[in-house]
Structures are given as C-alpha cells and as structure tokens.
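Work out the full structure: start from the sequences and follow the hints.
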Amino acid sequence: MTAEPFMLVALLLLPFIGSILSVFFLRTASRRLPAGLAGFVVLISLLLTASLYPQVIDGDVIRFNAEWLPQLGLDLTLRMDAFAWIFTMLITFIGFLVILYARYYMSEDDPVPRFFSFLLAFMGAMVGIVISGNVILLSVFWELTSIFSFLLISYWHNNAAARDGARMALTITGIGGFCLLIGLILLGKIVGSYDLDKILNSGDLIRNHSLYVPALIFILLGALTKSAQFPFHFWLPNAMSAPTPVSAFLHSATMVKAGVFLLVRFWPVLSGTYEWFWILGAAGMITLLLGAYFAIFQRDLKGLLAYSTISHLGLITTLLSLGSPLATVAAIFHMLNHATFKASLFMAAGIIDHETGTRDMRKLSGLYRFMPITATLAVVASAAMAGVPLLNGFLSKEMFFAEAVETHADSILDRILPYVATLASAFSVAYSLRFIHTVFFGPPPTDLPIAHPHEPPRWMRFPIEFLVVLCLVVGIVPALSIGPFLHSAVISVLRDNTPEYSLSLWHGINLPLIMSVIALIAGTAIYWALKGYLSRCDDGPPFIRRLKGQRIFERILVEVSWRWARVAERRLGTRKLQPQLRWLVVAGLLAGALPLYLRGFEHRPFVYSGVDPIFTALWLIGVCLAIGTAYTAKYHRLAALVMLGGVGLIVCTTFVWLSAPDLAITQLLVEIVTTVLILLGLRWLPKRSEDIRESMTIRARFRRFRDFALAVLCGVAMSAIAYAVMTMPVPDAIANYFLEHAYSLGGGRNVVNVILVDFRGFDTLGEIAVLGVVSLTVYGLLRRFRPADDSMGMPEQQQVQNRFDEERPERSAGDTVRDYLLVPSVIMQWMFPVIITFSVYLFMRGHDLPGGGFSAGLTLSIAFLLQYLAGGTRWAEDRIRILPLRWMGAGLLTAVLTGAGAWLLGYPFLTSHSRYLELPLIGKVPAATALLFDLGVFSLVVGSTVLILVALAHQSLRINRLRTIEAAKSEER
Numbered sequence: 001m002t003a004e005p006f007m008l009v010a011l012l013l014l015p016f017i018g019s020i021l022s023v024f025f026l027r028t029a030s031r032r033l034p035a036g037l038a039g040f041v042v043l044i045s046l047l048l049t050a051s052l053y054p055q056v057i058d059g060d061v062i063r064f065n066a067e068w069l070p071q072l073g074l075d076l077t078l079r080m081d082a083f084a085w086i087f088t089m090l091i092t093f094i095g096f097l098v099i100l101y102a103r104y105y106m107s108e109d110d111p112v113p114r115f116f117s118f119l120l121a122f123m124g125a126m127v128g129i130v131i132s133g134n135v136i137l138l139s140v141f142w143e144l145t146s147i148f149s150f151l152l153i154s155y156w157h158n159n160a161a162a163r164d165g166a167r168m169a170l171t172i173t174g175i176g177g178f179c180l181l182i183g184l185i186l187l188g189k190i191v192g193s194y195d196l197d198k199i200l201n202s203g204d205l206i207r208n209h210s211l212y213v214p215a216l217i218f219i220l221l222g223a224l225t226k227s228a229q230f231p232f233h234f235w236l237p238n239a240m241s242a243p244t245p246v247s248a249f250l251h252s253a254t255m256v257k258a259g260v261f262l263l264v265r266f267w268p269v270l271s272g273t274y275e276w277f278w279i280l281g282a283a284g285m286i287t288l289l290l291g292a293y294f295a296i297f298q299r300d301l302k303g304l305l306a307y308s309t310i311s312h313l314g315l316i317t318t319l320l321s322l323g324s325p326l327a328t329v330a331a332i333f334h335m336l337n338h339a340t341f342k343a344s345l346f347m348a349a350g351i352i353d354h355e356t357g358t359r360d361m362r363k364l365s366g367l368y369r370f371m372p373i374t375a376t377l378a379v380v381a382s383a384a385m386a387g388v389p390l391l392n393g394f395l396s397k398e399m400f401f402a403e404a405v406e407t408h409a410d411s412i413l414d415r416i417l418p419y420v421a422t423l424a425s426a427f428s429v430a431y432s433l434r435f436i437h438t439v440f441f442g443p444p445p446t447d448l449p450i451a452h453p454h455e456p457p458r459w460m461r462f463p464i465e466f467l468v469v470l471c472l473v474v475g476i477v478p479a480l481s482i483g484p485f486l487h488s489a490v491i492s493v494l495r496d497n498t499p500e501y502s503l504s505l506w507h508g509i510n511l512p513l514i515m516s517v518i519a520l521i522a523g524t525a526i527y528w529a530l531k532g533y534l535s536r537c538d539d540g541p542p543f544i545r546r547l548k549g550q551r552i553f554e555r556i557l558v559e560v561s562w563r564w565a566r567v568a569e570r571r572l573g574t575r576k577l578q579p580q581l582r583w584l585v586v587a588g589l590l591a592g593a594l595p596l597y598l599r600g601f602e603h604r605p606f607v608y609s610g611v612d613p614i615f616t617a618l619w620l621i622g623v624c625l626a627i628g629t630a631y632t633a634k635y636h637r638l639a640a641l642v643m644l645g646g647v648g649l650i651v652c653t654t655f656v657w658l659s660a661p662d663l664a665i666t667q668l669l670v671e672i673v674t675t676v677l678i679l680l681g682l683r684w685l686p687k688r689s690e691d692i693r694e695s696m697t698i699r700a701r702f703r704r705f706r707d708f709a710l711a712v713l714c715g716v717a718m719s720a721i722a723y724a725v726m727t728m729p730v731p732d733a734i735a736n737y738f739l740e741h742a743y744s745l746g747g748g749r750n751v752v753n754v755i756l757v758d759f760r761g762f763d764t765l766g767e768i769a770v771l772g773v774v775s776l777t778v779y780g781l782l783r784r785f786r787p788a789d790d791s792m793g794m795p796e797q798q799q800v801q802n803r804f805d806e807e808r809p810e811r812s813a814g815d816t817v818r819d820y821l822l823v824p825s826v827i828m829q830w831m832f833p834v835i836i837t838f839s840v841y842l843f844m845r846g847h848d849l850p851g852g853g854f855s856a857g858l859t860l861s862i863a864f865l866l867q868y869l870a871g872g873t874r875w876a877e878d879r880i881r882i883l884p885l886r887w888m889g890a891g892l893l894t895a896v897l898t899g900a901g902a903w904l905l906g907y908p909f910l911t912s913h914s915r916y917l918e919l920p921l922i923g924k925v926p927a928a929t930a931l932l933f934d935l936g937v938f939s940l941v942v943g944s945t946v947l948i949l950v951a952l953a954h955q956s957l958r959i960n961r962l963r964t965i966e967a968a969k970s971e972e973r
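For the sequence shown, position 167 matches number 167 in the numbering used here, and the numbering has no gaps at all.
One or more hints might be untrue.
[To be verified] Here are the simulated DSSO-like cross-link-like pairs (lysine-lysine), alpha carbons at most 27 Å apart as the crow flies:
1) 531 to 363
2) 548 to 363
3) 687 to 634
4) 531 to 576
5) 576 to 548
6) 687 to 576
Since the hints were derived computationally from the structure, they do not count as laboratory data.
Owing to the predicted nature of the structure, the values given are computational and were not obtained by experimental measurement.
This is how it looks when you write it as structure tokens:
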C-alpha cells in the first residue's frame with residue numbers, strides 16, 4: 001500500500017489530536033500558544049491535502065480501508081476524489097485563516113484553549129464527512145459536527161441568546177442527522193452495501209427501487225436541516241450569537257455547506273426524478289427568495305449575512321434540483337465562490353464589532369474615514385456577493401441565470417424560476433448596498449460604545465485581504481485560477497456525464513446578462529427606495545415580521561417537551577419506583593409471551609429423571625430465602641439483604657454443582673461487592689415503620705395482591721422457560737464452534753473467557769462502555785443525593801456507644817467503635833497485598849483457567865473496599881491515592897487501542913493473535929493480544945466499582961460537615 005491512504009488517516013486524526021492537546025495540555029490564559037498549536041495543526045493538514053492533488057486530478061480515487069465489522073458492511077473506509085479534495089482544501093484553507101483571525105479577535109479573558117479545541121474537533125468532524133467512504137461512518141461524523149457546533153455556538157454560555165441558539169441548532173440538525181441515518185440505511189439496503197463507491201455506481205438500481213422515495217425524503221431532510229433550507233432555515237440567524245470566527249468558519253464554508261455537499265455527492269444516484277425536482281426545487285426557491293428578502297431588513301450585521309447565506313444556499317439547492325449536469329457545475333462553482341466572499345464578510349463584520357463595540361447598523365455610519373482598508377475590502381466582498389462583474393460571484397450567478405432560463409421539468413416551478421432568480425438577485429444587490437452604504441458612508445458615527453474606531457492589527461486583517469484577492473483573481477481570470485480544480489471536481493462527480501462549459505468572462509449579450517443588469521438596476525432602486533424606512537424600521541421584514549421561525553420552534557418545543565411530556569407523565573409515569581418496576585416486569589412478560597402466542601408452544605411430556613436430595617435441599621433453602629427477602633424487604637432491610645446474599649451464594653453453589661466455575665467465581669465476587677455497596681447505601685434510606693400496616697386500605701391490599709400475582713406469573717413463566725431449555729434436545733449451535741476453536745483460534749483453554757475477550761470482544765467492549773456510563777451516572781446521582789431528615793442523625797447504636805464513652809472520663813466518643821473493629825481492621829489491612837496478589841493471579845490465569853479481567857477487577861475492588869471499611873474514608877484516601885476516573889479512562893482506551901492495533905496488520909477491528917513466547921529461565925509461555933483487551937476490562941471494572949464506593953463513602957463526610965455546621969449555628973444561638 002502506498003503512503004497516500006495513510007495520509008487520509010493523518011488528515012482525519014490531526015485535528016482531533018490537536019483538539020485534545022489544546023484542552024488538556026495548554027491550560028494558559030494566553031492566546032498565542034493555543035492559536036499557534038491550532039494554526040500549526042491546520043497548516044500541516046492543508047499541506048497534506050495539497051500534496052494529494054496529483055493523485056486525484058484525473059478522476060482517480062484514493063482509498064483507505066480498515067475492517068471493523070465486515071460481516072455487516074461496517075468498515076472504516078476513507079476515500080478522496082477531486083470533489084472531496086477541493087472541499088477538504090476549502091475546510092483547511094479557510095480554517096487556517098479563521099484561526100489566524102481568531103488569534104486577535106478572542107479576548108484574553110476568554111477560555112481560549114477551549115475555543116480552539118472545539119474548533120479543531122469540528123474541523124476534524126467536517127473532514128470526516130468529506131472523506132468518508134462508508135455512509136454509516138459519514139453519518140457518525142455528520143452528528144459530530146452538530147455536537148461540536150453546539151459547543152462552539154454556546155461558547156459564551158453565560159449569554160442566554162448563545163445558549164438558545166445553540167440548543168435550537170442542535171435540535172434541528174440533530175433531528176435531521178437522525179433522518180439522514182435512516183435514509184442512508186435504506187440506501188445501503190437497496191444496494192446491499194454501505195460502501196460509498198458501490199452506492200455511487202448503482203444509480204439506476206436506486207431510482208427504480210420501491211424504497212427510493214422514503215430514502216430520498218430522509219436524506220433530503222438531513223441535508224436541508226444542515227444547510228438551513230426552508231422550513232428549517234430559522235436556526236442559522238439565531239446561531240449568530242457565536243463568536244465571529246465561528247460564524248466565518250461554520251456558517252460560510254463548512255457546516256452549512258455540509259448539506260449541499262451531500263446533495264452533490266449523491267446527485268448522480270438520486271437526481272433526475274420528479275420527487276427530487278419538486279422537493280428540492282420548492283425548498284430551494286422559497287429559501288432563495290425568503291432569505292434575500294429577510295436580509296434586507298436586518299439591523300444586525302451578522303443577521304444580514306446569515307440571511308444572505310441562507311439565500312445563497314437556496315440558490316445552490318435550486319441548481320441541484322434541476323437535474324442538469326451544467327446546473328451541478330454551477331452549484332459546485334458557487335459553493336466555492338460563496339465560501340470565499342462570505343467568510344471575508346463575516347470577518348469584516350467581526351472587525352467592525354471589535355473596533356466599534358456594536359453590530360447595529362442604526363449606530364454605524366461613515367466608518368470609511370476611520371478604517372479605509374477594511375472598508376475597501378468589505379466593499380469588494382459585498383460586490384462579489386451582489387454579483388458585480390469581474391468578481392467571482394458574478395460568474396457563478398451568470399451560470400445560475402443560464403440554467404434558470406432553460407426548461408428542465410416543464411412545471412410551474414420551472415416556469416417561474418427565471419423570475420424568482422432575477423428578483424432574488426435584485427434583493428441580493430439591495431442588501432449588499434445596504435451593508436456598504438449604511439456602515440461605511442454617510443456622517444461619522446456619534447453613539448458608539450467605542451468612541452474612536454480604527455484599523456485592526458495587520459494580521460487580523462490579512463485573512464480578509466487574502467480572500468478578497470481570491471475573489472478578484474477568480475473573477476478576472478477564472479480559467480487560469482480555479483478552472484483546473486473545478487474541472488477535476490466536476491469530473492469526479494459527473495464522470496461520463498460531464499458537460500462542456502466555459503468560464504469565460506464574456507459570452508455576448510444574452511438573456512443571462514440581461515437578467516444580471518436588471519437585477520443590478522432593480523436592486524439599487526429597491527435600496528434607495530427603502531433607505532429612509534430601513535433607518536427607522538424595526539428588526540425584520542414588513543408584513544411577515546411576526547412570522548418568526550424561532551417563535552414557532554419554541555412553541556413546538558414547549559408543546560412536545562413540556563405539555564405532552566406532562567400528560568405522558570400523568571398517564572404513564574410516576575415518581576415512585578414500584579410502578580416503574582411493575583411496567584418493566586409487564587413489558588418483559590409480554591415480550592416473552594407474544595412469540596409463544598404467535599408461533600405456538602410445543603408441549604413436552606414431563607419425564608421424571610430423579611432428584612438429587614442434596615441439590616433439592618439446597619434449592620429449597622434458596623427458595624425460602626428468596627421468599628423471606630421479599631417479605632422482609634420493606635421494613636427489615638438489613639435482614640432482607642442478608643437473606644438476599646444467601647440466595648446469591650446458593651446460585652453460586654449451583655454453578656459449581658453444574659460445572660461452571662467461571663460463573664461461580666464471578667457470581668461470588670459480584671455478590672460480595674454488591675452486598676457491601678448496598679449495605680453502605682441502606683444507611684441513607686428513609687426509615688420505615690411497621691405501624692403503617694394498621695391503616696392499610698382496601699386499595700393498598702388490592703395493589704399488593706396484584707403485584708403478588710404478577711410476580712408469581714413471571715416466576716412460573718421463567719421456570720417454564722428454564723425447564724423447556726433444559727429438557728429440549730441440544731441443537732447444533734454455535735457453542736460447538738467455540739468449544740472446538742477456542743484454543744486454535746483464541747489461544748486459550750478457558751472457553752468462557754476466550755468468548756468474552758476474543759470471539760465476542762465487540763460485545764464486551766460495548767458492555768464495559770455501558771458499565772462506565774452507568775457508574776458515572778450513579779456517581780452523579782449520589783453526589784447530588786440528600787438523605788431524608790430522619791436519616792441525617794447518627795444511628796441509634798452509635799449514639800448508645802458514644803454516650804457510653806462520654807460518661808467515662810478516660811474515654812472519648814468513638815473509642816467503643818474503634819475497639820470493636822480493632823482486630824477486624826488489622827486483618828483487613830493485612831489482606832490488602834494478599835488480595836492484590838490474588839487479583840493478579842486471577843487475571844493471568846484467565847485465558848486458560850477460571851478467572852479473567854472481570855473477576856480480577858472485582859477482586860481488586862474488594863481490596864480497596866476493605867480498606868475503606870477498616871479505617872474509614874479519610875484514613876484510606878490519605879494512604880492510598882485512588883483515581884477511579886483514570887482507571888476507567890485507561891481501561892476503555894486500552895481496550896479500544898487493542899482492537900485498533902489489528903488494523904495495523906490489515907485485520908478487522910479486535911482481531912486477536914496468540915502464540916508462545918520463549919522467556920529466559922521460564923521457557924515457553926502462552927501469550928495472546930486478547931490479554932491486553934482483558935487488561936482494559938480489568939481496569940474499567942476496578943475504576944467503576946471504586947467510583948461508586950467513593951461516592952457512597954463521601955456521603956458520610958458531607959453529612960458530618962452538615963452536622964458540624966448545624967452544631968455551630970445552635971451554639972451561636
């Protein structure tokens with residue numbers, strides 16, 4: 001394999017590595033170091049991308065493939081063609097300029113490392129969308145862009161508008177991302193593969209399939225929400241509370257372009273149908289017109305630019321809806337042009353805000369006198385946005401006009417398109433003129449928050465200068481500047497359907513040119529006619545000012561998340577645990593009974609095969625203990641817990657009886673840990689009194705009888721299932737495969753452990769991830785837990801012991817407790833190294849004998865638990881530095897890296913390797929890479945268990961502090 005595929009991996013990983021370095025290793029208030037790191041990372045990415053151009057120039061594709069779940073078609077596939085290349089160049093190039101700009105824009109008071117960390121992570125997710133070669137992987141990166149954009153928009157989280165805008169953007173784009181995933185899954189089902197190249201080669205199959213329309217609708221929902229198209233356009237203007245570098249990057253060149261990028265990427269296989277034309281054409285034309293109309297009446301500079309972005313994205317969407325190869329060329333060309341002039345305009349707006357303290361156009365005037373260079377740059381960029389000749393925006397808009405006058409589907413949309421295009425272009429000229437004339441010309445400003453505006457630092461203005469020069473170069477010599485790159489991108493998308501097109505400046509006097517002239521004249525007239533009104537009007541367009549997408553969104557959100565949720569809670573929910581458990585048990589019972597009802601149940605004759613009296617007696621004891629647990633659980637929790645532990649020991653003995661030592665060890669260890677943790681938690685539960693029995697109502701008795709009947713029914717059902725499983729003939733199942741190949745393929749004789757860390761390693765990875773999430777959730781709940789008032793005081797036994805100590809002058813409070821635990825505490829402390837050794841022993845033998853990472857992790861957790869019991873929380877933490885979060889993180893990272901290591905050798909994720917190693921003095925010893933995976937399991941189990949232990953232990957410390965505070969207050973009184 002050549003170096004280019006690995007360069008794709010580097011392109012994908014570099015921004016994420018830079019993001020991690022920024023947030024964890026650059027804890028500084030300075031802007032220079034994090035900006036320098038971010039700029040260096042993006043510059044390397046830019047150079048890497050540029051070096052790949054010779055490999056994609058002629059329509060070739062660079063591919064990297066690492067198998068993940070090949071049986072399901074889920075591989076880590078990266079691909080870069082010329083279209084992906086030019087988009088990656090756009091992301092990295094404008095990203096580099098934005099980072100340079102942000103270096104001077106961001107305040108020293110802001111958490112700058114966090115900003116650059118989020119920005120780099122977003123860039124990595126955006127690159128992932130562009131170079132993904134598997135559509136499911138593309139969907140993952142698609143959602144990552146929504147998450148990181150949420151973090152960037154809400155960067156100034158103390159601003160309510162930023163929080164609301166971020167929440168709105170995440171909600172809209174997140175729902176769209178879910179729809180996109182459904183559409184991509186349907187697309188994969190149609191083609192039989194999730195590989196992007198196979199999908200792009202199956203256009204006829206997709207368009208003629210019965211699932212085409214559902215797949216199209218879901219994919220378009222994903223694209224339209226991301227690119228802020230009608231009726232989902234309103235999230236973009238509300239995201240303008242983000243820092244200006246975020247707007248310049250996300251809302252001009254990257255995030256909002258992701259939707260139209262997706263439309264171009266799937267254009268060869270989804271376009272050319274009436275469904276595509278009507279859905280996309282209607283959304284695009286409405287967005288094109290409404291966005292331009294709304295932009296004219298905005299008071300905020302960034303609000304104007306946001307609505308103009310919406311309008312230009314509508315232009316691109318409309319072009320793609322036409323189904324014409326020439327229209328697709330124009331769409332790709334305008335995507336590039338729009339990114340350059342819109343990024344420069346956003347940065348110019350940021351400079352104006354930075355130097356004047358406001359973006360309100362009613363307060364801005366005559367700034368050309370104070371910042372002539374910035375004003376000149378903004379005028380040129382605005383002219384490009386308006387489509388003035390000799391600028392890049394003019395060329396792609398001319399191509400748009402040329403396609404608008406052609407007949408594509410002979411429909412009402414097709415017939416009105418030339419008029420919509422001309423009117424929207426006139427509006428574009430109007431809001432561009434308003435931006436230029438209102439801000440930079442006229443009388444000097446009088447009421448600015450910053451009294452004396454001036455030019456920004458030289459390097460803060462440099463990104464705008466560079467982008468404006470590009471607008472001029474592309475507008476004057478398009479064939480020599482952008483022409484070769486555009487042609488390569490077009491070939492990679494359209495392939496054999498690539499049309500002849502020209503980037504010449506002059507095509508003669510034709511209808512598109514006349515439309516451009518009309519738009520320029522009409523737009524100028526519209527602005528001068530509205531100039532007086534615009535200087536005094538409220539924010540928003542007349543006639544439909546009150547029709548705000550934000551207000552509709554908020555009402556829908558309140559309706560769904562508050563009113564509907566409250567109705568559902570009243571009808572189905574409860575704050576009590578018992579009804580929730582009842583619903584879970586009923587759902588489980590129905591899930592088990594429904595298949596039997598639909599498919600029937602085979603009655604087998606009962607065959608008596610004898611009963612072992614010892615085993616029977618053991619289970620009779622277990623049944624009695626289980627009944628006793630249920631009976632005493634409400635009022636005698638400690639007794640119930642002891643009997644529940646007895647049930648666990650009998651289950652453990654059953655595993656031993658039935659020759660399942662691995663299960664027996666795990667059950668025993670789980671029983672020990674859970675019993676002690678529950679015992680620590682019982683201390684803080686509210687007290688229960690048996691006096692409540694005397695006032696039991698008929699309704700309460702009925703509820704108990706109903707729950708008892710439900711429990712009996714579920715128990716009988718489980719017994720029937722267990723009996724059926726144990727008496728039916730043993731099928732030729734996969735268990736035989738595991739038994740035969742555990743040693744030859746997994747390198748271990750302990751089949752259970754080999755299944756967990758090798759054959760079903762992916763399942764285990766998911767399970768330990770869930771265990772980590774659950775432990776973090778439990779920790780969070782316990783940190784916020786406040787016990788009932790009747791549990792705040794000392795236990796009665798401890799009060800008696802303390803009174804005994806206080807009555808004797810030679811003793812102090814707590815001596816009796818220490819005397820009781822003196823010998824046990826010494827023994828528990830001595831057991832610490834012994835249990836650690838035993839834990840290592842269980843871990844090392846787990847691949848061949850009963851044991852393994854899970855059992856060893858629980859064993860080591862018991863060692864820590866005993867130290868807390870022996871000496872108390874403060875004593876244990878003063879002597880043992882326990883960092884459970886690091887244990888968990890290291891464990892999950894070790895497990896993932898072990899699986900990823902198989903990729904380096906060309907094998908699927910989590911493929912293990914085993915062999916014998918020759919060690920000095922010892923000889924041959926078996927070794928397997930699954931041991932490293934098991935080490936990750938071990939570490940995460942230890943961290944998760946100890947984290948819950950720490951949360952329970954610190955509950956006592958918090959209560960003691962509260963008691964001290966209350967005692968001090970009472971003494972003051």
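Hints breached by this structure: 4 and 5
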